[in-house]
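> The chain contents come next:
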Amino acid sequence: MNQTAKYQNRIELLQGTLDMLVLQALLREPMHGYAIAQVIRDRSGEVLSVETGSLYPALHRLERQKWVKAEWKLTESKQRAKFYQLTALGKKQLTTDHQRWLQMVRAIGAVMETEVQS
Amino acid sequence: MRWPWERAKENLSEELEAHLQMAIAERVADGEEPAQARAAALRELGNLPLIEDVTREGWGWIWLENLLRDTRYALRQLRRAPAFTATALLTLAFGIGANLGVFQLLYAVILAELPVPHPGEVVRIHAARSPFDQSWTISYPAYQRLRAATPDVPLIASAYAEDATLDLPNRASIKAACTLVSDNYFSGLGVAPAAGRLFVQADERMGQGEWPVVLRYDFARNTFGSAQQAVGQHILLNDRAFVVIGVAHRRFLGDRTGYAPDIWLPLALQSTGALTVPWDSLGPGHDVSLDKPWYNQPTIFWLALTARIPPERRAAVLAHWDQVFRNDREVMTEATADPAVKAALLHVKTGVAPLSENGMRKRFTGPLTLLMALSASIFLVGCLNLANLQLARLHARAHELSVRMALGASSGRLIRQIVLEDALLVLGGSVCAFGLGRAASGILVRWASNRNSLFTFDLHPNLPLAALGVGLMLLSLLCFSILPAIIFIRTGVAQTAGSGSRIAGISQTARQRFRSNLMLGTQVSLSLLLSTMSGCFAATLVHWETVDVGMDREHVLIVRPELHQPRYTDHSEMLPGLYSRIQERLQALPGVRSAAVEMCGGIHCGWITSLYVHGRSDLTDAQVHGQEDHVGLGFFSTLGIPILRGRDFSSSDTDKTQPVAIISRAYARQLFGDADPIGQWVGYVPAPNDHKFMIVGEVADARVNGAEREAPPVVYMSINQNPAPVNSIRVRAVGDPRQLSDSVRQALHEVDPALPVSEIVPLATELDGDLGTEKLLARLAGIYASLTLLLVAIGFYGVMSSRTAQRMSEFGIRLALGASRGHIEMLIVGQTARIILVSILPGVILSIFAVRTASHFLYGSVSANLLVIIAASLVLASAGVVATLIPARRAAYADPLETLRGE
Chain C
1 MNQTAKYQNR
11 IELLQGTLDM
21 LVLQALLREP
31 MHGYAIAQVI
41 RDRSGEVLSV
51 ETGSLYPALH
61 RLERQKWVKA
71 EWKLTESKQR
81 AKFYQLTALG
91 KKQLTTDHQR
101 WLQMVRAIGA
111 VMETEVQS
Chain E
1 MRWPWERAKE
11 NLSEELEAHL
21 QMAIAERVAD
31 GEEPAQARAA
41 ALRELGNLPL
51 IEDVTREGWG
61 WIWLENLLRD
71 TRYALRQLRR
81 APAFTATALL
91 TLAFGIGANL
101 GVFQLLYAVI
111 LAELPVPHPG
121 EVVRIHAARS
131 PFDQSWTISY
141 PAYQRLRAAT
151 PDVPLIASAY
161 AEDATLDLPN
171 RASIKAACTL
181 VSDNYFSGLG
191 VAPAAGRLFV
201 QADERMGQGE
211 WPVVLRYDFA
221 RNTFGSAQQA
231 VGQHILLNDR
241 AFVVIGVAHR
251 RFLGDRTGYA
261 PDIWLPLALQ
271 STGALTVPWD
281 SLGPGHDVSL
291 DKPWYNQPTI
301 FWLALTARIP
311 PERRAAVLAH
321 WDQVFRNDRE
331 VMTEATADPA
341 VKAALLHVKT
351 GVAPLSENGM
361 RKRFTGPLTL
371 LMALSASIFL
381 VGCLNLANLQ
391 LARLHARAHE
401 LSVRMALGAS
411 SGRLIRQIVL
421 EDALLVLGGS
431 VCAFGLGRAA
441 SGILVRWASN
451 RNSLFTFDLH
461 PNLPLAALGV
471 GLMLLSLLCF
481 SILPAIIFIR
491 TGVAQTAGSG
501 SRIAGISQTA
511 RQRFRSNLML
521 GTQVSLSLLL
531 STMSGCFAAT
541 LVHWETVDVG
551 MDREHVLIVR
561 PELHQPRYTD
571 HSEMLPGLYS
581 RIQERLQALP
591 GVRSAAVEMC
601 GGIHCGWITS
611 LYVHGRSDLT
621 DAQVHGQEDH
631 VGLGFFSTLG
641 IPILRGRDFS
651 SSDTDKTQPV
661 AIISRAYARQ
671 LFGDADPIGQ
681 WVGYVPAPND
691 HKFMIVGEVA
701 DARVNGAERE
711 APPVVYMSIN
721 QNPAPVNSIR
731 VRAVGDPRQL
741 SDSVRQALHE
751 VDPALPVSEI
761 VPLATELDGD
771 LGTEKLLARL
781 AGIYASLTLL
791 LVAIGFYGVM
801 SSRTAQRMSE
811 FGIRLALGAS
821 RGHIEMLIVG
831 QTARIILVSI
841 LPGVILSIFA
851 VRTASHFLYG
861 SVSANLLVII
871 AASLVLASAG
881 VVATLIPARR
891 AAYADPLETL
901 RGE
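Protein chains in written order, with our numbering: chain C, 1 to 118; chain E, 1 to 903.
Honestly, the hints are just simulated from the structure, not real lab data. Note that CB positions come from ideal geometry on N, CA and C, so glycine has one too. Mixed in with the good hints there might be a few duds.
[Stated by the list, open to error] Computed list of lysine-lysine pairs in DSS-like fashion (alpha-carbon distance at most 30 Å, straight line):
| no. | chain 1 | residue 1 | chain 2 | residue 2 |
| --- | --- | --- | --- | --- |
| 1 | C | K73 | C | K92 |
| 2 | C | K73 | C | K91 |
| 3 | C | K66 | E | K9 |
| 4 | C | K66 | C | K91 |
| 5 | E | K292 | E | K692 |
| 6 | E | K292 | E | K175 |
| 7 | E | K342 | E | K292 |
| 8 | C | K69 | C | K91 |
| 9 | E | K775 | E | K175 |
| 10 | C | K69 | E | K9 |
| 11 | C | K73 | E | K9 |
| 12 | E | K9 | C | K78 |
| 13 | C | K82 | C | K92 |
| 14 | E | K9 | C | K91 |
| 15 | E | K9 | C | K82 |
| 16 | E | K656 | E | K692 |
| 17 | C | K66 | C | K78 |
| 18 | E | K362 | E | K775 |
[Claimed, not checked] Okay, the calculated bits of chain E under chain C, using three or more residues with CB under 8 Å as the criterion:
| no. | segment |
| --- | --- |
| 19 | 4-16 |
| 20 | 21-27 |
| 21 | 37-47 |
Excised from the complex, chain C in its bound form:
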């Protein structure tokens, strides 16, 4: 797959879902920004790409809302990086976001299916 194809396959993230994706990515372990972007890209089969210009404002926003907390640590390659970790408040928020998202997927799905049948 060449670069262009890879780019074309990506789709823009739905408004408001970035926060949920970031929180989900952090569910298992603390991560730095670069890793979060990688995780989202990898898990989405390279479809979802998070722009750096959206990721960092989002991370800082989550930090201000106390959904994640951050500390500076060294990576495996001895690179100093800011690691984000999910807080209890963040876990609660993730659950809410996830449920609302599922609701929306079902609702949109229902609407789309009706359209197809008619």
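Dock chain E against chain C, hints included.
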């Protein structure tokens, strides 16, 4: 010091840098060339500074960061234009400060209420006017009866005593203003103590060894360091022992606006004679014993009444008091022989008057309102001036601003920066203004005060004052910054950016020029108004300072000896001898033309009396009443009062011979019309005792109650026929009376080494010291006028400099084409001249209107003051022209080659 966001910013940079490094590392691990990997990673990452900006916006303090950055930028801009900054700061400081200072005084005199709970309930009780002084005072027995009639209504009595001498251990003695008050004074008004306690009923007990006193807060602090330290102090007042029992609340300055007693004392103290208290009675011939206690004398009227009555109970209480007071009214009618006055006296009903209805308010409401209006106009002139300077300044910055706009700065941000710059100025100016206002109101009080009695007002900052200050700050910011900035950004820069012409020299459009001309013109008009008022007030002051008072005001010295001591009062028969020795000794001094003693210590002194003419029963009270003074030999020649008819007192008039009197022209006209008064018999009381004195002389009128007041009718009696301690010795000098002070003091010491002299003051000073209102108006208006004149000059200079700077190349071409330098100068000066000519007409109309409105405070008619208006116009015009000549000369004498090379 590091701001918190600076650290966060570095952290963010590091975080993004780490991201980049990891991206590069991964690409290198995937086998890419390091350089290529870096470029690709950077491409993928996007615009780093933009990401940082977007992220930081989420932090929430970006506005603060911007504000600080803008502030730093604004400070730099202000430092780069020191002349503008200084002008703006001073203009704002004076413009706002003047308003605050005058308002502070206006508030204290007119608007402020008594600082007690429910001040509206406290009212003056007007039972009856005393027969001679016409003051609302009653006797002590009457007060007791009224108070007993309504035990649940706090009825307060007070009497202002003459200043007393306060002696403290190891300190020079000071004069203290004293007021006698009833025991319920503080409790009735609702005043809380700042320290110690206030009066209770037991304090009225007679025969106390050490009388209790209460001090005013500031007086206690100035004298003893603090209110707490004052309590329990033992003091000597007029050589009598007192103990300070408490200090009143710091905001309480007494119940009379302007007159703040230093010391409050119990009423009962009167009976000790420790203090001199003004009084009135039924007049000579009626039985009063001033030396005996007054508390059981129903014909000595000396107590002013104040009460706290809720409005709904007023009518009932007053009606009740009227009944109780009936008897006293009848006693008071004995003071007059005039049946109409007698009937009127009996018909008077007891009434109330608000505390705010006082002489202070009557006297100063007009002048202070006028000054407030003048202060408002100086503020307006200041704002207009700054707005104009601001527009000119923005024009000079047009290039910079348009470049910044072209580079993407939003017009909102630019306006914000400009406004912030000015907000700093306004803030700085206002801080100065508050300080200036505070100082100014203190100075204004001193100017407005009489020479001998300094007014005391509560000049603490208050809410209305703060509101006015902030309001003026915002108004000035709006006028001189926000509006010009918006106008400029909307019009100026947009045009500049669109035009392909040279940016630095954008010529003003006709509309912009008209706008700034209009602002300059308004300033000229207002300035003319202020100059005219200042001129008129100055002329009025000069008039009263030089008006013929019927006395030789320039050469007379008033010497005040302290004769009220037992060694003189107990041997009054010795006094005529002492007076004659004093006169002889003083007249022997070189430079002294004559000397004489007088009962009165200065102006406003003659006491009110009545003269009934033998054989005339048709005289009304208005004819009978006049002033009385007792004078020594040579008094009239010493004061320079001419004798019109008859003779002066002579050494043959003694207490053994027929009592004689000399009356002034006004009194003679009042009693006898144009008939000759000499040889007429008069007395203090109606027939049968109306032939006690024989009139032996008639003298010209003299304004003994002050230069501004009409000469009163005065009867002069001989001090040698009524021996008593005098309050002044008048000395008429050949030259400047001031130079005689030392030799006079020395001479008096030689005559009687034990006689203290409390004060020596020229008559002119005494008379001028009485012109408080006139001085206040003249001085303040003078300051305002010179300030606006300066502002107008600065305004013309600033605007014309900016205009000539923009037209330099045009002038260069004109010069190159053969225009003379004079022609160029005339081009610029002509602009100023046109503005001034056009705006003088509305200014004159405004001035005439103002002079008419203020005619009450001015001497002379509108037409007389027209001369002042013309003079003010000329001064203003020349100030404008001179200010314009500087940039005009600069333009005319610039080298045309030099300016054209810049093209």
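> Could you work out which earlier hints the structure fails to respect and list their numbers in ascending sequence?
none
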